[in-house]
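Taken in order, these protein sequences are the chains called A and B. For what it's worth, the numbering used here labels the leading residue of the first sequence as 127, then goes sequentially. For what it's worth, the numbering used here labels the leading residue of the second sequence as 57, then goes sequentially.
Treat the hints as calculated values from the structure; they're not laboratory data. Using N, Cα and C, we set each Cβ at its ideal position, and we do this for glycine too. Do not rely on the hints blindly, as some may be mistaken.
To be verified - Pairwise CB distance ranges, derived in the manner of DEER restraints:
(1) A/Thr451 - B/Leu313: 49 to 57 Å
(2) A/Asp205 - B/Ala202: 52 to 60 Å
(3) B/Leu313 - A/Val476: 47 to 55 Å
(4) A/Val476 - B/Ile349: 52 to 60 Å
(5) B/Ser345 - A/Val476: 33 to 41 Å
(6) A/Glu478 - B/Phe357: 52 to 60 Å
What the hints assert, rightly or not - So these bits of chain A aren't anywhere near chain B, every CB distance computed over 10 Å:
(7) Pro145
(8) Gln151
(9) Ser174
(10) Ala183
(11) Asp194
(12) Gln207
(13) Pro222
(14) Lys228
(15) Leu241
(16) Lys290
(17) Lys524
(18) Lys548
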Amino acid sequence: MEDTSIPRIEMSGITKLFPGVKALQNVDLCIYPGEVHALLGENGAGKSTLIKIMTGALPTDEGKIRLDGQAIVLNSTVDAQKLGISTVYQEVNLIPAMSVAKNMTLQRQPTRFGLINWAAARNLARKRLKQLSLDIDLERPVGSYSIAIQQLVAIARALEDNTKVLVLDEPTASLDAGETNALFEVIRDLKSRGIAIVFITHFLDQVYEISDRITVLRNGQLVGTSMAKDLPRLDLIKQMIGRELEQAEGQLTKRSTDNLGEPVIVAKGLGCKRVIEPFDLNIRAGEVVGLAGLLGSGRTETAKLIFGALPSDSGTLTMNGEVVTNNSPRQSLGRDIAFCPEDRKEEGLVGELSIRENIILSLQAKNGWLKQLSYDEQERLADEMIKALAIATPDMDKPVNQLSGGNQQKVVLARALVSDPKLLILDEPTRGIDVGAHAEIVMLIRRLCSQGMALLVASSELDEIVAVSDRVAVLRDHKQIGEIAGDEVTREKIIGMIASG
Amino acid sequence: MNEKYWPLMATIAVFIALFLTGGFLFKNFLSTLVLGHILADNAFIIIAAIGATFVILSGGIDLSVGSMIGFVGVVMANLDLAGWHPLASIAILLIFGILFGALQGFIIDFCDIQPFIMTLAGLFLLRGSSFMVSLDSVPIRHPFVAEVARVHVPLPGGGFLAASAIVMLISLLAAILLAHYTRFGSNVYAIGGDRKSAELMGVPIRKTTVMIYAVGGFYGALAGVIYALYTSSGYPLAGTGSELSAIAAVVLGGTLLTGGVGMVAGTLFGGMILGLISTLIIFDGSLNSAWIIISSGLLLFIFIVMHRFLVGSFNLRGRA
Numbered sequence: 127m128e129d130t131s132i133p134r135i136e137m138s139g140i141t142k143l144f145p146g147v148k149a150l151q152n153v154d155l156c157i158y159p160g161e162v163h164a165l166l167g168e169n170g171a172g173k174s175t176l177i178k179i180m181t182g183a184l185p186t187d188e189g190k191i192r193l194d195g196q197a198i199v200l201n202s203t204v205d206a207q208k209l210g211i212s213t214v215y216q217e218v219n220l221i222p223a224m225s226v227a228k229n230m231t232l233q234r235q236p237t238r239f240g241l242i243n244w245a246a247a248r249n250l251a252r253k254r255l256k257q258l259s260l261d262i263d264l265e266r267p268v269g270s271y272s273i274a275i276q277q278l279v280a281i282a283r284a285l286e287d288n289t290k291v292l293v294l295d296e297p298t299a300s301l302d303a304g305e306t307n308a309l310f311e312v313i314r315d316l317k318s319r320g321i322a323i324v325f326i327t328h329f330l331d332q333v334y335e336i337s338d339r340i341t342v343l344r345n346g347q348l349v350g351t352s353m354a355k356d357l358p359r360l361d362l363i364k365q366m367i368g369r370e371l372e373q374a375e376g377q378l379t380k381r382s383t384d385n386l387g388e389p390v391i392v393a394k395g396l397g398c399k400r401v402i403e404p405f406d407l408n409i410r411a412g413e414v415v416g417l418a419g420l421l422g423s424g425r426t427e428t429a430k431l432i433f434g435a436l437p438s439d440s441g442t443l444t445m446n447g448e449v450v451t452n453n454s455p456r457q458s459l460g461r462d463i464a465f466c467p468e469d470r471k472e473e474g475l476v477g478e479l480s481i482r483e484n485i486i487l488s489l490q491a492k493n494g495w496l497k498q499l500s501y502d503e504q505e506r507l508a509d510e511m512i513k514a515l516a517i518a519t520p521d522m523d524k525p526v527n528q529l530s531g532g533n534q535q536k537v538v539l540a541r542a543l544v545s546d547p548k549l550l551i552l553d554e555p556t557r558g559i560d561v562g563a564h565a566e567i568v569m570l571i572r573r574l575c576s577q578g579m580a581l582l583v584a585s586s587e588l589d590e591i592v593a594v595s596d597r598v599a600v601l602r603d604h605k606q607i608g609e610i611a612g613d614e615v616t617r618e619k620i621i622g623m624i625a626s627g
Numbered sequence: 057m058n059e060k061y062w063p064l065m066a067t068i069a070v071f072i073a074l075f076l077t078g079g080f081l082f083k084n085f086l087s088t089l090v091l092g093h094i095l096a097d098n099a100f101i102i103i104a105a106i107g108a109t110f111v112i113l114s115g116g117i118d119l120s121v122g123s124m125i126g127f128v129g130v131v132m133a134n135l136d137l138a139g140w141h142p143l144a145s146i147a148i149l150l151i152f153g154i155l156f157g158a159l160q161g162f163i164i165d166f167c168d169i170q171p172f173i174m175t176l177a178g179l180f181l182l183r184g185s186s187f188m189v190s191l192d193s194v195p196i197r198h199p200f201v202a203e204v205a206r207v208h209v210p211l212p213g214g215g216f217l218a219a220s221a222i223v224m225l226i227s228l229l230a231a232i233l234l235a236h237y238t239r240f241g242s243n244v245y246a247i248g249g250d251r252k253s254a255e256l257m258g259v260p261i262r263k264t265t266v267m268i269y270a271v272g273g274f275y276g277a278l279a280g281v282i283y284a285l286y287t288s289s290g291y292p293l294a295g296t297g298s299e300l301s302a303i304a305a306v307v308l309g310g311t312l313l314t315g316g317v318g319m320v321a322g323t324l325f326g327g328m329i330l331g332l333i334s335t336l337i338i339f340d341g342s343l344n345s346a347w348i349i350i351s352s353g354l355l356l357f358i359f360i361v362m363h364r365f366l367v368g369s370f371n372l373r374g375r376a
């Protein structure tokens, strides 16, 4: 792989806008034949969008793509595949009910007089699987195999004779160590055949094991591309999460942890097998506790475990002095604990309902549906929240999905706040939000805690964690690796903790 | 044996069991004569159900089939009055069926409308148009119809295959080729199995959807032609409710209503089971014909529960 050769694929000045969000801004990416190129960044950094543009699943708003030096225009994934750009997506994209052979040959079955020659199709499938040394029953439904096998079948399917670029989106997310090694053998083999491979993952060990170069994206912008061997792990983590904080947010003086209220939550040895290892965590009234770590380190899982959205299988959880058994979101809500999820579209907001309806949703659920809040009461609460959080909307009956990302996030917050919680759990409170709204939300978090509410904030934005938290629990690889408080809470300290070991 | 054949085997087993029950209860029931009559009498519904199989395999539904049968019949009868040769009107009407289905498929995909509501509109449209053409039953008097009725291919044991049964069996063979030996067929299963994955795997969703409903429309129109020839008339109310019988035949034949799993051959046996039930009750003579519908309903219910069980325990949808 030399810089003098022509890149297999070269993307320059790629910009993509979604309503309310700039998903990609002037991003360049260049991959050489026989190179494994890691594409890194936290959730929402723009990796998926970039990949979708590269593979024709999304059109680009601006920018050019060149394949082997030739400018190309991709209108569909079929276009891209014809040119030799193949993708294996994170969620394995096969038809579970169809047999392995049918999945392997869908849309490219050999035909004779217009009819499929299944014997030839099976041979083709067998040949492709052999390339990956995979020996499985071609007639069994693909969905009856493990995810690891499905992943390999998907790769075998993606490999055509003319494949030039292969994109692997989180291929190792659900594989164990042995399966991952087998996959890496396959990747090395493909690499030796001159295929350019884009490798997306959040396992940094794997990045250094297999990739030649690394490109980091953050908030839709290119942070940089470097040779893997010239980029120490510490610098890589800095690139991924170390955003310089906007002036508006300033620095929060860390309060001493002595004069705080009663503990709201005490978790002792709380854990869930294969999701997060047992951890201890105390949260006291008036305190902001941050959860820091890379993508996949267990931030969200920790938050969900405390809220009861994930079942624990070890340890104890005490809320307001009472030991909680069989924790569930319903129980937590009943104990005045509110949760704002990471993915507001999937888990948080009901897009078709109005701002007012979304705001009163969990309060109404908490009161029980028999005790309907009067319309006047609903209006009063919604009005109060719209003013308090400065939600930019002409009226409270506008459907939530017509708001910008930042305002949607504020509605999620408003919904949690209206039930007057003792502990508010925020997962990625500033995801996909522009800078102005970002600052507002950070200010709001601080104001809430000064009013005696306890807060647990999980975020991929390290500066945000540093700015808002009194105490930070640092996580790595599904494990809590330490806790820091007060003046110790700095970016460098956290990055050091994540990188060590 | 591959697990995917289980529902088909269950359907065939039920058919054989019902047939043997008939043989046990009534003299002369176990004969190719009865079998030939069941095939001929139910040919139109099985043909409509074959088309519906493609639609249901893709995860959709086609409610317009019954009205298509009525519409094709009255138009054919009126063209006959105007002096057309039946073969000419059949050709025109089959093309109409394909175009009408294709249009439904295009609108379903282009406007992202649920197939249920789109084909419900198609149902009303065609039924209403049938009444516009004629309010009464119109006979088809062309000698061609009588010639068709005389076609008898003898079966061993004294029975025979009538023209309608022959057309049905030929269209079944064509459908089996289409479903299992063409790219289009594989795409139907892929879309029904997982539409999003199918799209990412390069299946042309729009083209396939248009073709699926065009196939449904073609078989619907063919069912109408067979029904009109069989009754030698066109009647605007003909085929009322047969879209639902067709769906029942498909489900009895082992195809999952959620799409992606099933076989065209199963639909033949599904339709035959429905026909066998009514034949049994007619043979008995003492039972109210309401029992035909009641026992069809019961059997359908048992099959759906059984499928649910098969899907769960034998992993038919292939979820690991």
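| Index of numbered hints that the structure contradicts, given in increasing order | Checked against the structure, the hints that fail are numbers 1, 3, 4, 5, 6, 10, 12, 13, 14, 15, while the rest are satisfied.
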